[in-house]
Each structure stands twice: as C-alpha cells, then as structure tokens.
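If you read the sequences in order, they're chains U and D.
Quick note: the first sequence uses UniProt numbering, first residue 1, plus one each step.
Quick note: the second sequence uses UniProt numbering, first residue 1, plus one each step.
Rather than coming from a laboratory, the hints here were simulated on the basis of the structure.
Glycine included, each C-beta is placed from N, C-alpha and C at the ideal position.
Be a bit skeptical, because a hint or two may be false.
Taking lysine to any residue pairs in the SDA-like style, the calculated list, with each CA pair at most 20 angstroms apart, reads [what the hints assert, rightly or not]:
{"id": "1", "chain 1": "U", "residue 1": "176", "chain 2": "D", "residue 2": "32"}
{"id": "2", "chain 1": "D", "residue 1": "83", "chain 2": "U", "residue 2": "190"}
{"id": "3", "chain 1": "D", "residue 1": "83", "chain 2": "U", "residue 2": "60"}
{"id": "4", "chain 1": "D", "residue 1": "83", "chain 2": "U", "residue 2": "191"}
If you want the footprint, here are the derived chain U segments under chain D, 3+ residues with CB under 8 angstroms [to be verified]:
{"id": "5", "stretch": "53-61"}
{"id": "6", "stretch": "195-201"}
{"id": "7", "stretch": "223-230"}
Ranges between beta-carbon positions, derived for each pair [stated by the list, open to error]:
{"id": "8", "chain 1": "D", "residue 1": "99", "chain 2": "U", "residue 2": "45", "range": "50 to 60 angstroms"}
{"id": "9", "chain 1": "U", "residue 1": "174", "chain 2": "D", "residue 2": "153", "range": "17 to 27 angstroms"}
{"id": "10", "chain 1": "D", "residue 1": "153", "chain 2": "U", "residue 2": "37", "range": "43 to 53 angstroms"}
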Amino acid sequence: MSDTHALGGRGAVAPARPVPAPRRPRFRGLDLSRTRRFASSAVILLLWQGASMAGLIAPRTLAAPTTIVATAWELVLSGELPHHLLVSLGRVATGLSIGVSSGVALALIAGLSRRGEEIVDAPMQMLRTLPFLALVPLFILWFGIGETPKIALVSLGSAFPVYLTLFAGIRGTDPKLMEAGRVFGLDRAGLIRHVVLPGALPSGLVGLRYALGSALLSLVIAEQINATAGIGFLINDARDFLRTDVIVVGLLVYALLGLGADALVRGFERRALAWRPNLIKG
Amino acid sequence: MSDERRVSVGGLTRRFGSNTVLHGLDLELEPGSFTALLGRSGSGKTTLLRTLAGLDPAPAEARIGLPDRVAAVFQEPRLLPWKRVWANVALGLEGRDAKGRAERALGEVGLARHLEAWPATLSGGEAQRAALARALVREPRLLLLDEPFAALDALTRIRMHALVLELWRAHGPTTLIVTHDVDEAVLLADRVLVLDAGRIAADIAVEMPRPRSHGDARFVALRRRLLAELGLEAEVLQEAA
Ligand SMILES: Nc1ncnc2c1ncn2[C@@H]1O[C@H](COP(=O)(O)OP(=O)(O)O)[C@@H](O)[C@H]1O
Ligand SMILES: [Mg+2]
Chain U
1 MSDTHALGGR GAVAPARPVP APRRPRFRGL DLSRTRRFAS SAVILLLWQG
51 ASMAGLIAPR TLAAPTTIVA TAWELVLSGE LPHHLLVSLG RVATGLSIGV
101 SSGVALALIA GLSRRGEEIV DAPMQMLRTL PFLALVPLFI LWFGIGETPK
151 IALVSLGSAF PVYLTLFAGI RGTDPKLMEA GRVFGLDRAG LIRHVVLPGA
201 LPSGLVGLRY ALGSALLSLV IAEQINATAG IGFLINDARD FLRTDVIVVG
251 LLVYALLGLG ADALVRGFER RALAWRPNLI KG
Chain D
1 MSDERRVSVG GLTRRFGSNT VLHGLDLELE PGSFTALLGR SGSGKTTLLR
51 TLAGLDPAPA EARIGLPDRV AAVFQEPRLL PWKRVWANVA LGLEGRDAKG
101 RAERALGEVG LARHLEAWPA TLSGGEAQRA ALARALVREP RLLLLDEPFA
151 ALDALTRIRM HALVLELWRA HGPTTLIVTH DVDEAVLLAD RVLVLDAGRI
201 AADIAVEMPR PRSHGDARFV ALRRRLLAEL GLEAEVLQEA A
C-alpha cells in the first residue's frame, strides 16, 4: 500500500480537528533558543576564565580568555598578525586559483566530450582515492621546503572537489532540457552556454565550498613545513615559547578564515542561484 | 500547392530493437490545418512527433517533407529554470529585438505580468503558457504539441484550449497535437488521426463550427466513433446503458 493511501485512510477516519494554536508566537521561541545557545557558551567561557584565575588551568596548558583577547589585540597593533595573515591569505589565494581553475578546466574537458572523459576521468578517479595530505613528503622532495610545496598542496586539495562536483553536474544535465534547447535552435555552443553550464553551476558551487574547506586544511598542514611566515609559523613559533595564548589566537584566525570562506561562497550562491525555488524570496 | 507549411511524410519506419513502432507510416498535413493525433499509450505518437521535430534522425528510406521552422511544446514545460521567463521565450532568437518579441509573445498568452519571473514560481498552467509563447515567438510553420495539457487541471485545460485555438487562428501554423483525450481532439481539431500498429488507422474530418460543445449530437457521435477506433467499445456500451 502506498503512503498516500495510508495517509488518506487516516484522514478519512480521524474527525477533523482544528490545529491547536501554538502557545507562544514562533519568533519568541526562536529568540529564547538563541539566548540559550549564547548563554551556554558564555557559561563555558566564564568557567574557563574562573578556572584560569583560580590557578586550576596553568597558562602553559591553556591561557585565560582575557589573556587571549589581550594578546590578539597586541598582535594586531604590532602588525604581526596582519603580516602573517596576509602571507597565509596569499598562499590560499594562489593555491585556490590554480586548483579551482584546473579543476574547472578538467571538468569541462571530461564533462563535455567522450574522449575527454576517457583521458581525464580515469586518472582523476584514481588520484582522488589518495589522501592528498599524504603527498607532503613527496612534495618536499620535489619542491623543497619553500613556498612551492605549500601552494601545490592547497592547489591539489581544492582541485579535486571542484572537478568531481562540476563533472557530475555537467553529466547530470536534464536530457529533456537539452532537447528543448535543440528544438529551439541552439547549436552545441549554445547548449553548453545556456543549458549545460548553468545547470551544473549549483553542484559546482557545492564543490567550491568543499574546495575552500580543503584548501584551508591544506594550508594548516602546509604551514607546518618549515614556514618563516604565516599563521602556521605564528603558531609553531608560539609553541616553542609555550605561548598558548598566541596559539589560540592563531587557531581563531584559522576558524575565522573558514567562516569567511563559507560566507563568501554562500553570498555568491545567493546571487548566482537566485532562480532556485528555495532561494526565491516570497 | 507548394505552401511552405505543408507536411508530407511517406514510408516512415522506426524500430527500437525488435520493436517496430512506426511501420511505413504516411502522413500529409494541409498547410495551416489543425490535426489531432490519437492513439493508445505506446502506439508511437511521441516517436512520430520527435521525428517531425528533428529530435530523432529520420531514416534514410523515408520521404519527409517538412517546413523549415518547426516548434514544439512538450507535456512538461521544459523551461530553463535559471532563465527568467522572457529569456526562456527569447532562447535562441536572433536579431536585436529578441526581448521585445519575447515580451509580445508572452503578452499574447496572458503572461505580461510574469516577464521577469523565475520559472519555478509559475503555476503549471502559466509555465505551459510560457512554453506556448516560446514556440510561437519563432513564427513556426509547423507547431507540434505532445500532450501539452495532460498534466493540467480540468479548468486550466479548458482555458488552454481556447488559447491554443486563438493562437492558431492568429498565426496560422500547421498544427499537430498529440493527445490521449478524445474530447480534446474533437474540441480542437479539423481532422483526427488514430495511430495504430505503426500506421494511421483512421483519418476522420471534424466538420463542426467552433466553438464546439460536448452536448452537440455530432460531437457525441464522433466521440463514440473515435473511442471505438481506440478499442474502447466496452466503455462506450457502458456509457450508453
Ligand atoms: N528511445 C527509445 N528506445 C527504445 N524504445 C523506445 C524509445 N522511445 C520509444 N520507445 C518505444 O516505442 C514505443 C512507442 O513509444 P511512444 O512513441 O513514446 O508512444 P506514445 O507517445 O504513443 O505513448 C513504446 O513501446 C516505447 O517503449
Ligand atoms: Mg507520448
């Protein structure tokens, strides 16, 4: 028996009852839930601060929240943090541009032609089973310990998600829309431009979001390789001096980078995918 | 004799594996005529339309004479969800005034208020009207409709019937509509064909002035005859009882 039958049967038996009005208007419920979330985080912070002040948590284990804030402020004012941040951002930006553009290029080659698929897809599918972070030793042998292996790692980490999702998106094109395009006189280039690529964009953007996350992870690992600048260097350097406050500031910067990257793609999605039913504003 | 809207098909055979769907089919459509094609599910109606629309390659031995401008409306609207309604209608149009032409076509189907809408926000009937506008904006000489109203509710379908007739009168394309609805065929067309065993098994002229009414005695008689052609005598007898 199908679901609709089951539902229909239940509806027929149960007497119609008015839906009870919710006790509280919904927005107040949301408000309360947000307050609770905020409160629980605040309590943890307070406990942490209290434990640090009471000497229960040694500074070399974990610095107090107030110390961390003060340190962050000092690092900003001294120009140290902006300097390292710029170096890290530069690595991500370079690696991402190389990775994303090669991911897109390969996906287009494999997605738009049979021969391209035969040549490109098999090696890509084989390579993707490799945890790319495990390539670090090889990269150091190939590229030394300068900037090149770091950027190469970020590129590699971001190329795969873009390739895989965009390729799948291109191959997932609705054949009915392709037919409509053909009936209305689109040639191959027109079909690719008006039907295939816009249709593949949503999954490509999901891939881009993964790519940014992956790029950040690659950055963290890459900056462990003998860096002389960058957030990773800041953290490693702080470790040698038992400066847990600086380490936490570095971690917070990584977290903010992740959030920022996600917000960036989401913002772009809202514009580029405005046509999607779940994004259309009432 | 050589009106550019004439359709002339001879000896069209189409097979899928061992399944012969069209079997030496012959079909002539008069310029500007409105023809309905009936047939059981799986009788090959869509296969025939796809060949006429150029979506499937025509077999070499078939003789096929078609107008150069062919447009089609399918059962689903098949609008590109990422293009606004007007851009969907303007798809593939050449020339500078593509947007203006699309807007006028949308006005004709009563969608002037939805030019900038996203397809996902349209109702089923509105989306199908947009698909009609997209077909008409090209001034087709042959208009192919494959069960275009099958997915619509009864009231919307009645409005769409009136709209299609109005557009056909205004633009005059040779029109071929596939339907499984006998009433729809009799209501709209000048001529009703029944496809069976890969050939045109019945070819019946509908000589009734429009607008036609279901209550008309000629309507009832023709309906019964077509149902019989489709092998539904049992139902007809039941209805008569
Ligand atoms: N691409 C295809 N491959 C194999 N069989 C097909 C294909 N298209 C249609 N058929 C078969 O051809 C027959 C006619 O299909 P169709 O033209 O869609 O029928 P109708 O539109 O009249 O319902 C069906 O038996 C269907 O299974
Ligand atoms: Mg069909």
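Verification of the hints:
no.	hint	result
1	176/U <-> 32/D	28 angstroms, violated
2	83/D <-> 190/U	14 angstroms, holds
3	83/D <-> 60/U	58 angstroms, violated
4	83/D <-> 191/U	13 angstroms, holds
5	53-61	violated (count 0)
6	195-201	holds (count 4)
7	223-230	violated (count 0)
8	99/D <-> 45/U: 50 to 60 angstroms	57 angstroms, holds
9	174/U <-> 153/D: 17 to 27 angstroms	24 angstroms, holds
10	153/D <-> 37/U: 43 to 53 angstroms	46 angstroms, holds
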